[in-house]
Amino acid sequence: MKMIEANQVYLEYRDGTKALNNVNLQINKGEIVYIIGPSGSGKTSLLKLFMGIEQPTSGKLTVLGKEISKEHKKNIREIRRRIGPVFQEFKLIPGRTAIDNVILGMRVLGMPRLQLNKNALEALEKVGLSHKAFSKVDNLSWGERQRVAIARAVARKPSLILADEPTGNLDVNNALRIMELLRSFKDEDTTVIITTHATHLIENLNEGILLKVNKGTIEQESMGRRL
Amino acid sequence: MKNIIYNTGYFIKEAKTIFKLTFWSNVLSLFSIGLILFILSLVISGWSISTEVLTLIQEEAQINIYTDENLDDINLEKVMEKINSIDGIIETRIVQKEEAYERMEKVLGEDAKVLEYFEDNPFHSFFEAKIDIEKIESIHKELKLISEVRYIRDNREILTRLRSIARAFEILGAFFIAAVGISTVVIISHIIRQGIYNYKEEINTLRLLGASEAFIALPFLMVGLLLTFGGGAIASTLTYMVLIQIYNYLSGPLPFIPLPPFQVMMQDLVLIILSISIVLGIIGSMIGISSSK
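Read top to bottom, the protein sequences are chains Y and G.
Heads up, the first sequence is in my numbering, so the first residue is 1 and it goes up one at a time.
Heads up, the second sequence is in my numbering, so the first residue is 1001 and it goes up one at a time.
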């Protein structure tokens, strides 16, 4: 089952910067995809397209069976509701506890109240933070905050997890833990897409798809390569 | 809708957090809105009282018709028949000169002694006619055609003044409703915009998580409603305190002013002010929310 399909997708920002050129790719259900490339190569632009933050300048992009384009903006909310996003800067609500942040991710979906606490505690358990469920996120370390963000993404039971530089603010040990954690969700039949510029974090991995982005182009030789 | 119902508690909690974020600014805004609505409430009560007085006076509209002094009872009856035939005259009665004397005694009170200096009753019989106030002009014309009629006394001047007072309150009321509406909407929309600005990171996160615009907007709408509804409650309390004093004062030295019943007046006022505050809260919040997008 196709989760994402891009055909001749181009993205040009309003200031004229050409972010992505002729992107063609297909990502299927249950796959884990690593998007690598140096800063400014277009990794985040690609993820922004997948989340509907940007729409393609031309070409056709379908995410979770719905087209993302300027003409189909109403699809974007529906797509986002089926995505578990993880951001480099976490995007947690300050002043709230870890469990409140995880619950918020589910609230917007309209999950029944009784399910919220159960799912949130389960997700925090998975990321190894159940003991800090009621700690304010402001008092957690960067690594712990990123794990809360992952718990928020996972608790939503998403079809697709999109993680944009999830290890960007972390030391090597924490970064490896986060990558391993994200990789584990592939086993739950969830498609996981991770962008990173830290290639050393994926050097020893033996499964997944590697997409190399350079100057807005996905290099042909790397596309679909099994690690 | 299900999403909204499931999350009612969350929305209330969020609204409280947003309110607390700029607590003192919000408290001051609450009292400002309260004072604005209080002024509106006073104008509405002034308009209501003057309209009530006007209506009562119009219902009791009466003119006095004076005739030649030497008319006997038979001729007076004939004149009364002519008066009764005029369109707009509801009822006519003769006030005999004895009754006229007694009335003057009452009006003069202690000074009624002056009447004792007259050897004879100085008053003459006259007519009291209840009329349809709308037809006062044509009644006047018709009465002047009756040869025995010498003088007509009416309360047209008072009515005209009352009408202009009521009209002034009406215009003032309309002006104040517009002014109050605009200023409250501006205050509320500004507060909401400020709140949204303070919350922009969180709102952005909610959008990325797929939250609907209603989900994001509801806590802000609640804050807007809290401010205007709270302002309406303050205005209603102040109005109660002021009106009760006015009623006490007017029922003492000026008991003849026909005021509307206090309870009815307050009930109507509270209903109007709270309804206006809710409507303004919704409009202000919606403008604040939509202008922040």
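Just so you know, the hints here were simulated from the structure itself, not pulled from any lab data.
Keep in mind that the hints are not guaranteed to be accurate.
What the hints assert, rightly or not - List of simulated lysine to any residue pairs, SDA-like, C-alpha gap at most 25 Å:
1) Y:70 - G:1204
2) G:1016 - G:1214
3) Y:74 - G:1020
4) G:1013 - G:1247
5) Y:48 - G:1212
6) G:1002 - Y:117
7) Y:132 - G:1022
8) Y:48 - G:1203
9) G:1013 - Y:130
10) Y:74 - Y:87
11) G:1200 - Y:130
12) Y:157 - G:1212
13) Y:66 - G:1196
14) Y:136 - G:1002
15) Y:66 - G:1020
16) Y:91 - G:1008
17) G:1013 - Y:48
18) G:1020 - Y:48
19) Y:91 - G:1100
20) Y:48 - G:1196
21) Y:60 - G:1207
22) Y:74 - G:1013
Claimed, not checked - Beta-carbon label-pair distances, calculated as ranges:
23) G:1201 - Y:67: 24 to 34 Å
24) G:1178 - Y:18: 45 to 55 Å
25) Y:17 - G:1201: 18 to 28 Å
26) G:1179 - Y:71: 23 to 33 Å
27) Y:17 - G:1237: 53 to 63 Å
Ideal Cβ positions, reconstructed from N, Cα and C, are used throughout, including at glycine.
Status of each hint after checking the structure:
1. Y:70 - G:1204: Distance ~19 Å between residue 70 of chain Y and residue 1204 of chain G Cα, so the pair holds.
2. G:1016 - G:1214: holds (18 Å)
3. Y:74 - G:1020: Not OK: residue 74 of chain Y and residue 1020 of chain G at ~34 Å, beyond 25 Å, violated.
4. G:1013 - G:1247: violated (42 Å)
5. Y:48 - G:1212: holds (19 Å)
6. G:1002 - Y:117: holds (18 Å)
7. Y:132 - G:1022: Roughly 29 Å separates the two Cα atoms, so the pair is violated.
8. Y:48 - G:1203: holds (17 Å)
9. G:1013 - Y:130: With a Cα-Cα distance of about 24 Å, the restraint between residue 1013 of chain G and residue 130 of chain Y holds, given a limit of 25 Å.
10. Y:74 - Y:87: holds (23 Å)
11. G:1200 - Y:130: Status violated; Cα separation ~29 Å.
12. Y:157 - G:1212: The given pair, whose Cα atoms are some 18 Å apart, holds under the 25 Å limit.
13. Y:66 - G:1196: Not satisfied, since the Cα-Cα distance of roughly 30 Å exceeds 25 Å.
14. Y:136 - G:1002: violated (29 Å)
15. Y:66 - G:1020: Roughly 41 Å separates the two Cα atoms, so the pair is violated.
16. Y:91 - G:1008: Holds, because 24 Å separates the two Cα atoms, which is no more than 25 Å.
17. G:1013 - Y:48: Distance ~31 Å between residue 1013 of chain G and residue 48 of chain Y Cα, so the pair is violated.
18. G:1020 - Y:48: Violated, because 34 Å separates the two Cα atoms, which is more than 25 Å.
19. Y:91 - G:1100: At roughly 90 Å apart (the allowed maximum being 25 Å), residue 1100 of chain G and residue 91 of chain Y break the hint.
20. Y:48 - G:1196: Holds - the C-alpha atoms of residue 1196 of chain G and residue 48 of chain Y are around 23 Å apart, at most 25 Å.
21. Y:60 - G:1207: Holds - the C-alpha atoms of residue 1207 of chain G and residue 60 of chain Y are around 23 Å apart, at most 25 Å.
22. Y:74 - G:1013: violated (29 Å)
23. G:1201 - Y:67: 24 to 34 Å: Given about 29 Å between the Cβ atoms, the range holds.
24. G:1178 - Y:18: 45 to 55 Å: holds (53 Å)
25. Y:17 - G:1201: 18 to 28 Å: About 24 Å separates the Cβ atoms of residue 17 of chain Y and residue 1201 of chain G, which means 18 to 28 Å holds.
26. G:1179 - Y:71: 23 to 33 Å: This hint is violated: roughly 44 Å between Cβ atoms.
27. Y:17 - G:1237: 53 to 63 Å: Once the Cβ atoms are compared, 59 Å apart, the range 53 to 63 Å for residue 1237 of chain G and residue 17 of chain Y holds.
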